[in-house]
Amino acid sequence: MKVGVVTFPGTLDDRDAARAVGAAGGSAVALWHGDADLKGVDAVVLPGGFSYGDYLRCGAISRFAPVMEKIIDGANGGMPVLGICNGFQVLCEAHLLPGALTRNHELHFLCRDQKLVIENTSTAWTSSFSQGQEVVIPLKNGEGSFQCDDKTLTALESEGRIVARYVGENPNGSRNLIAGITNERGNVVGLMPHPEHAINTLTGPSADGLGFFTSVLKAMVK
Amino acid sequence: MGKIVVEVMLKPEILDPQGTAVSAALPRLGFTFAKSVRQGKRFEIEVDGEPTQAQLAEVEKAAEKLLANPVIETYVVKAEK
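Respectively, the protein sequence lines represent chains A and B. Residue numbers for the first sequence, in the working numbering: 694 to 915. Residue numbers for the second sequence, in the working numbering: 358 to 438.
Bound conformation, chain A alone:
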């Protein structure tokens, strides 16, 4: 099972994302932002970082990279796509997910181990978890506050499209404590915290993040 990991100029977490894919039993394929070529991958991870220096808005310029045209086509055709942090911002800018990520409400860049509750286990990226399972994975971003209009929020809630929520105090001002959402089909997931940094206890706070990557491998076997 081949999982593409995209590198934009300014991407930071592509190595960890590729390592997480490998640890889950898949093979990671490096994808370059400038190539409109998915190299035959079965799924794609848009990793975290500061693509294009976060200029204009986070993800706003990356969204028009040549590789994104292919990813948007693939996602619309059902290919699993996971956007982590900056990747989540890119997915929102690309309108593959609703809403937008804005500056943390207290303006601080946060970097900490964050408890989340997994609320939707039917997506391509969360089937390894159990409903209501609590996980601890790192949260590290300056613009992680999920915002959308009331109508979108109601739709996300009523359709069960909140994938993960922050547990405890709201870290960044996200509406309804939203840490991650999915599209209607469940193949595209955006997540602010970083599961790729929590795949073993030697380098992360837990191995809880691995579940996102094992989930997609299971989804692709089906």
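Any given hint might turn out to be false.
[Claimed, not checked] Just so you have them, the derived chain B footprint on chain A, three or more residues with Cβ under 8 Å:
hint : region
1    : 785–796
2    : 838–852
3    : 878–892
To be clear, the hints were calculated from the coordinates, so they are not data collected in a lab. Yeah, the Cβ is synthetic: ideal placement off N, Cα and C, and Gly gets one too.
On the provided structure of chain A, position chain B as indicated by the hints.
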């Protein structure tokens, strides 16, 4: 040389922590006039000669597609001398 200006603001219902921080800093410096502050972006686009209606329409499209994110922002396009 003509200029087309695009001003982008967060929608009123979207929290603006930067504006709030500026608003909190003003009274500390003795400026007590501000009830609230919201911070936005301004793009200045130079064109040859007076901006034409066609150019303004193109910039409008660019604002919708790239310069602003209509999910959270509003924008105004205008010609400036």
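For each hint, the structure was consulted:
no., hint, verdict
1, 785–796, "holds (count 7)"
2, 838–852, "holds (count 4)"
3, 878–892, "violated (count 0)"
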